Structures are given as C-alpha cells and as structure tokens.
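Trainee: Sequence:
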Amino acid sequence: QGSLLYLDALGAAFPRALARRGTALLHWTPGCPRAPAGWPLPTLYCTPAAAGTLPSRAAALRVQLLFALRQRALHVLEAGLAAELQDALVALRTEWPQLAQELALGRLSPQPGLPEGVRAQLQALLTPDAARAAELRAECTRGFEGIVLRLWPQLEVVVVRTAHGAEWLYCDSLLQADCQGLPLYCPFYQAAGALLGINLWPVEPAPQFLLCPDWAFCEFLPCLANKEPQTVLLDELWEGREYGLVVTAQPGEYR
Numbered sequence: 001q002g003s004l005l006y007l008d009a010l011g012a013a014f015p016r017a018l019a020r021r022g023t024a025l026l027h028w029t030p031g032c033p034r035a036p037a038g039w040p041l042p043t044l045y046c047t048p049a050a051a052g053t054l055p056s057r058a059a060a061l062r063v064q065l066l067f068a069l070r071q072r073a074l075h076v077l078e079a080g081l082a083a084e085l086q087d088a089l090v091a092l093r094t095e096w097p098q099l100a101q102e103l104a105l106g107r108l109s110p111q112p113g114l115p116e117g118v119r120a121q122l123q124a125l126l127t128p129d130a131a132r133a134a135e136l137r138a139e140c141t142r143g144f145e146g147i148v149l150r151l152w153p154q155l156e157v158v159v160v161r162t163a164h165g166a167e168w169l170y171c172d173s174l175l176q177a178d179c180q181g182l183p184l185y186c187p188f189y190q191a192a193g194a195l196l197g198i199n200l201w202p203v204e205p206a207p208q209f210l211l212c213p214d215w216a217f218c219e220f221l222p223c224l225a226n227k228e229p230q231t232v233l234l235d236e237l238w239e240g241r242e243y244g245l246v247v248t249a250q251p252g253e254y255r
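Residue numbers (the UniProt record's numbering): 1 to 255.
Check the hints yourself; a few may be wrong.
[Said to hold, decoys possible] Computed Cβ-Cβ distance ranges for the label pairs, DEER-style:
(1) LEU221 x GLY113: 36 to 46 Å
(2) ARG16 x ALA120: 30 to 40 Å
(3) LEU149 x GLN208: 50 to 60 Å
(4) ARG241 x PRO205: 19 to 29 Å
(5) THR94 x TRP168: 19 to 29 Å
(6) PRO153 x ASP235: 43 to 53 Å
(7) ALA124 x GLU242: 21 to 31 Å
(8) THR141 x LEU221: 35 to 45 Å
(9) ASP235 x GLY113: 49 to 59 Å
(10) GLU242 x ALA50: 40 to 50 Å
(11) ALA177 x PRO229: 42 to 52 Å
Source of the hints: derived by calculation from the structure; they are not laboratory data.
Predicted model only: the values in this text are computed from it and were never measured.
Virtual Cβ for every residue (Gly too), placed ideally from N, Cα, C.
Given the sequences, and given the hints that come with them, work out the whole structure.
Mentor: Encoded structure:
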C-alpha cells in the first residue's frame, strides 16, 4: 500500500516520472533483488536488479551509476538513502575518466566486490556509446556544480526514499551543489523497523508525512504534561496538542 501511494503521488506531481526505464536506482540491497518501493519493477528502472545485490556497497553503487549514466533521458534519480546518493556522486567525481571509458567501450571493468560471473552478466547488457562518453567527459571537465541536471537534462526530481535526522545534512549538501536546481522528494518516514508515514506532497520543499497506523501499533505520549503522562490512542488525540510517538513494530513486536 505504501509503495502504491508513493508511486501515485510521484506520477501525479511529475507526469513523466513513471516512464519506462526512466528511473535510475542507487541503492544497495545485498541478497534482496527488490526495488525499494517493495517489489520488482523491471520496466521502471534502467539499473539492473543484480547490480544492487553485489556483496560490496561501493561496487553496487558504482555499477548502478554506470548504468544510470548510459540513460541520458532519465526523469527520476532515486536512492534508498541520501548517503548512497552522496557516495555515488563522489564516485562520479573521482572516477569519471574510467566511467567514460567504460561507456565508450561498452565494457565493465573488473573491480573489488564485483564477482566475475556477475560482471559478465552485467556487461552483456552494455553496448558501446562513444557519444554519451564524450558528453560525460565534457560535463565533468566543466566542474561538478549542478552536474546531475547537466548530465540528465530531462530529470524532473531526485527521490531519496527515507531521510530524517542526520540524513538531511547530506540532502542539504546535495541540493546546494551536485543536485542544484532540482526538487528533492522524500516519500517515506521509517523508524524502529516500521513505516510510520508517507509524504503525499512531492513538490513541497519541507516534507510532510501522513501517519500510517496500519504498519505499526502507535501510541501517543502527551508533551508538557504536569504529571507522569500515560499514552493515549489515535482516537483520543486532541487537535492542536503535541504528542510524542511510541511505536510497537511488527517485526519482533518490540516497543
């Protein structure tokens, strides 16, 4: 349900966001070849699922970046975490000459954390693209401020699946430099092993989350109470008052 709500909100705000292979995914999911929305979406992503399951996080993000660079007509750049997007763009800054060479030759270089069998499987999906390699070289030579929109001029939005707390430091840094000129959409609020809220307003600069009480048992602790407060349930809340959220997550049933 959360995945469907996210995709519906994304498609309503950015009409081309759900185009076939119009999304590049930067997310490490070892042992779990699934999209972060929760199920395989082979027609949505231009990045192969096998790339995200590599034993090395660095290798996974680099391979996904290479496949993202192949697709000039991206509409969405999606990451599971802001730190993953940051690390992928750091790899772009430091390894763009080699990435350009791999694009030009249609060849995936051996690297630590990339098993040879998987490398051969992924390389079979590549074809030489000298024009795209030349474009990558030209844009990186100019510098990296606003590099994301320069490399993918049809990009509409950057999606970071979940970002709160310290993750926002990465988001602020990205928006001021590499992702300059693009909106950032954070669709999910997750904590304690549970999905707590969904952001149904992708174009709002400050994320707002709609509470999802079905994914965890939620209790509410009144703030600024004069005595030892007792938790209350959803139907006992008062509008305008502040509450702390107490969550009992389904996995493990811990509070």
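Trainee: Output the numbers, in ascending order, of every earlier hint that fails for this structure.
Mentor: Violated: hints 3, 7 and 8.
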